[in-house]
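Residue numbers (my numbering), protein chains in the order written: chain A, 5 to 162; chain B, 565 to 852.
Derived by calculation from the structure, the hints in this document are not laboratory data. All values derive from a computational prediction rather than experimental measurement. Be a bit skeptical, because a hint or two may be false.
[What the hints assert, rightly or not] Straight line, CA to CA, 25 Å or less: simulated DSS-like cross-link-like pairs of lysine-lysine:
1. A:151 to A:90
2. B:731 to B:587
3. B:612 to A:8
4. A:126 to A:162
5. B:731 to B:627
6. B:653 to B:774
7. B:627 to A:8
8. B:801 to B:627
9. B:612 to B:741
10. A:90 to A:8
11. B:605 to A:12
12. B:741 to B:704
13. A:8 to B:605
14. A:8 to B:741
[What the hints assert, rightly or not] Some chain A residues well away from chain B (every beta-carbon gap over 12 Å; in silico):
15. 22
16. 88
17. 151
Quick reminder that beta carbons are idealized off the backbone N, C-alpha and C, glycines included.
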Amino acid sequence: MAEKRRIKLTVNGVEMEGEAEPRTLLVHFIRDTLGLTGTHIGCDTGHCGCCTIIMNGVSVKSCMVLAYQAEGADILTIEGLAKDGKLHPIQEAFWENHGLQCGYCTPGQIMSAYFLLSRNPKPTEEEIRRGLEGNYCRCTGYVNIIKSVKAAAEKMSK
Amino acid sequence: MIPRSFEYLRPSTLQEAVQLLDKYEESKILAGGQSLIALMKLRLASPKYIIDITRIPGLSYVKEEGNKILIGPLTTHDTVENSPIIRNKCPILSEAASRIGDQQIRNRGTIAGTLCHADPSADVPTTFLALDGEVVAMGKDGERVIKAKDFFQDFFTTALNPNEVVKEVRVPVLPPKTGTAYIKHARREGDFAIVAVAAIITLDENNVCKSASISLGSVGPTPLRAVEVENALVGKKLTDEVIVAASELADRGISPPSDIHGSAEYRAEMAKVFTKRAIRLALSRIGG
Ligand SMILES: Cc1cc2nc3c(=O)[nH]c(=O)nc-3n(C[C@H](O)[C@H](O)[C@H](O)COP(=O)(O)OP(=O)(O)OC[C@H]3O[C@@H](n4cnc5c(N)ncnc54)[C@H](O)[C@@H]3O)c2cc1C
Ligand code: FES
Ligand code: FES
Numbered sequence: 005m006a007e008k009r010r011i012k013l014t015v016n017g018v019e020m021e022g023e024a025e026p027r028t029l030l031v032h033f034i035r036d037t038l039g040l041t042g043t044h045i046g047c048d049t050g051h052c053g054c055c056t057i058i059m060n061g062v063s064v065k066s067c068m069v070l071a072y073q074a075e076g077a078d079i080l081t082i083e084g085l086a087k088d089g090k091l092h093p094i095q096e097a098f099w100e101n102h103g104l105q106c107g108y109c110t111p112g113q114i115m116s117a118y119f120l121l122s123r124n125p126k127p128t129e130e131e132i133r134r135g136l137e138g139n140y141c142r143c144t145g146y147v148n149i150i151k152s153v154k155a156a157a158e159k160m161s162k
Numbered sequence: 565m566i567p568r569s570f571e572y573l574r575p576s577t578l579q580e581a582v583q584l585l586d587k588y589e590e591s592k593i594l595a596g597g598q599s600l601i602a603l604m605k606l607r608l609a610s611p612k613y614i615i616d617i618t619r620i621p622g623l624s625y626v627k628e629e630g631n632k633i634l635i636g637p638l639t640t641h642d643t644v645e646n647s648p649i650i651r652n653k654c655p656i657l658s659e660a661a662s663r664i665g666d667q668q669i670r671n672r673g674t675i676a677g678t679l680c681h682a683d684p685s686a687d688v689p690t691t692f693l694a695l696d697g698e699v700v701a702m703g704k705d706g707e708r709v710i711k712a713k714d715f716f717q718d719f720f721t722t723a724l725n726p727n728e729v730v731k732e733v734r735v736p737v738l739p740p741k742t743g744t745a746y747i748k749h750a751r752r753e754g755d756f757a758i759v760a761v762a763a764i765i766t767l768d769e770n771n772v773c774k775s776a777s778i779s780l781g782s783v784g785p786t787p788l789r790a791v792e793v794e795n796a797l798v799g800k801k802l803t804d805e806v807i808v809a810a811s812e813l814a815d816r817g818i819s820p821p822s823d824i825h826g827s828a829e830y831r832a833e834m835a836k837v838f839t840k841r842a843i844r845l846a847l848s849r850i851g852g
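Bound-form chain B, shown alone (with noise of 0.2 Å):
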């Protein structure tokens, strides 16, 4: 399987790539080139430009920055997961980056493609709605942050302009008293999601469940929300019926797709199953 024939641009300057951008229609960045040169030699995908931005320099990095831990867009999925800031401060991001794929796939799939791809059951995304994270869009002109929760919009369709690309992506520095959990439903390891769930559940001083962020992948356009799940925890003491009570709601508000895979109801079914474990391994996991 070959692509179909395109101009490759590869340009030293981010600033350079938005340029392409705006200037070629039909152009597309390539970065770890594991979602888009899949869909190229499908045919599912055939740019006439493709604009190489691996040859960048100082698009990897992770840094702690205030109560933020800013990430390069190009930081491969096994940074992500092997970066002792990310582990440390922010660990369902490690979860959910060592869950992709397998070690060659990580090596080369970055944290801003696989955003960028926004397929619904991919393992970042879900849990990058899940913590609230942002981009930042550049574009001809300017930047401009977008929040995780403008961020997806529809199957494999972001927020983000033809002409604008991913310059970095944030992630906030997790509160004490808080226990997260990335937990995927899958076949076989390494396959997607037939049902994910992000949990982060932080408690108060007298371990009432003071916030809690629940999102799952897989059922639906986009990752999702489970709004009623976490209303349903918050200002609780999260007793192990008031987690099953909670998990029952997993289903609501969710459009869950059948294919080979699981039929809509059985994914609405795991949905529940998985965010009542998602909630349990998270609340074991809350250190002192």
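Extracted from the complex, chain A is given alone in its bound form (with noise of 0.2 Å):
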């Protein structure tokens, strides 16, 4: 077996390390070895969206990433978009528009919100279908998730 070695990353601003194997996956990195349970495995093979983070600025499943291929990477998860204890527009706005029901999906919905309003400030609700295709959600039925967006980019607008 392939030995085990440290691995140091940034996630949500704090430089975090940890040991993993070379097949550990990110997914199972950050919540088990970095306990942070945020990110969710839903199907486990790139589709469902629920393990959504941002890596180094961009959207990726972490059911679909080495932990190795993290290391000295820039990670944002679920767990850092409040501040001081204030939510995130975006998730101020799955809040306030139902955007949710068991919540399994919603870190992954949110993550992937995240990416798409940090390019396209003002999507139309298109770009937001679009922006959120790779995200499943077994409860809401997504009207109220597209809600949800719209209302967290003239949130973030203002």
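Build the complex from these two chains, which are given one at a time in their own frames, with help from the hints.
Spelled out as structure tokens, the structure:
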């Protein structure tokens, strides 16, 4: 078996490190080694988007990345959005617009919305639908998720 | 799902990557990982050595040189989709890249990765074949250029030797009076194609079809050129009758698979339907 080694990376602005094998997936490293369980695992095959995080500025599915590939990377997870006890505008918008039911898919939806809005602060409904195509929700029927992203865009442009 | 154990190597140049490929049997290049990691998790692939090339600098670029567009192997699908050069000079490649999976997959998957994975239902390979693109392969004995028509050999099999890497991908700058379309028939957006068609049509000054390049995805072990359709278009004014008649030939020479997404018969019918639509769309996009 390949040996474990320590890897360092920045998560939510904090330098962190932990042991990983070459085959350790980034999502397991984040959840089990770093203890940040806000990033979820749904399908484990790259389809559902539950495990979406921001890595070096772009959204990725962390179940499809090796932890070693994230060595030295700048990672943002759902835990990094709220600041000083205040929710991020995207989180607020999901709350206010009932953009979640069970909440399982929500961290991934929000991280995808975060990437979309970072590139395109005023997306059309079509662009929101396309931006969140890689995130499945088994509860909401998506209508309120789209509403939430629209509302978040408005909040953030103020 | 966790891959089988492997050694992880991180070369800092492509030369070094080639040396490692040559040195270690059962080694694999890792680029975006959006196919390879999936296969490893499912344990359909269990390489002993993973050679991660993503830290090698200078492998992500798009530039125009003469009548070609040169694309670095690590250029992501997202970059291909949004590159102004590709959008303006070879829009069908942007269109194909835009139809891959979803945003997260496009942020990580690379152009050389999808070509080397050689899935006959993937979007970029079908388009690359229609474009008569080429890859520059690099091995320990030097470089060679492999044309698209020779590159795809079988299901998930390319003409690359086990110790070669793709160093660059090249596609043509399309000539004036050219219209293109890549359309994909899938049950849901982001799925792999049941049938896909890439169409590139060039007219002459009298609006007669000067060249036609039609390639079909997901109807055989590799993407396939619909040569009979192409021959039925070239030299003619592309009236709708001509397009309909030519599209009827789209099932010639294909060997579509039957699976849960569609039977072979269904795919053969859809090849005709989508060929017709792709040609019409390509034609409608030809500017003055
Ligand atoms: C959920 C999901 C949905 C998807 N949907 C689609 C879709 O709709 N359409 C579609 O076309 N694709 C789809 N894909 C696949 C996607 O396009 C992959 O990005 C692509 O197939 C592989 O590119 P990669 O850079 O990730 O390569 P990797 O997975 O890293 O590698 C793939 C193969 O290519 C080899 N390789 C990579 N780079 C080189 C190189 N420079 N030289 C030599 N060999 C190399 C590797 O060794 C490996 O064998 C999907 C993937 C997922 C996970
Ligand atoms: S758990 Fe990663 S995409 Fe579903
Ligand atoms: S809120 Fe339950 S899966 Fe989306």
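Comparing the hints with the structure gives:
1. A:151 to A:90: 21 Å, holds
2. B:731 to B:587: 19 Å, holds
3. B:612 to A:8: 16 Å, holds
4. A:126 to A:162: Between residue 126 of chain A and residue 162 of chain A the Cα gap is close to 12 Å, so the pair holds against 25 Å.
5. B:731 to B:627: Measuring from Cα to Cα gives roughly 14 Å; hence the hint holds.
6. B:653 to B:774: 18 Å, holds
7. B:627 to A:8: 40 Å, violated
8. B:801 to B:627: 34 Å, violated
9. B:612 to B:741: Given pair residue 612 of chain B, residue 741 of chain B is violated - Cα atoms ~50 Å apart, limit 25 Å.
10. A:90 to A:8: The hint is violated at about 38 Å.
11. B:605 to A:12: Given pair residue 605 of chain B, residue 12 of chain A holds - Cα atoms ~24 Å apart, limit 25 Å.
12. B:741 to B:704: Roughly 42 Å between the alpha carbons, so the hint for residue 741 of chain B and residue 704 of chain B is violated.
13. A:8 to B:605: 19 Å, holds
14. A:8 to B:741: 58 Å, violated
15. 22: 16 Å, holds
16. 88: 29 Å, holds
17. 151: About 20 Å separates residue 151 of chain A from the closest Cβ of chain B, which puts it past 12 Å; holds.
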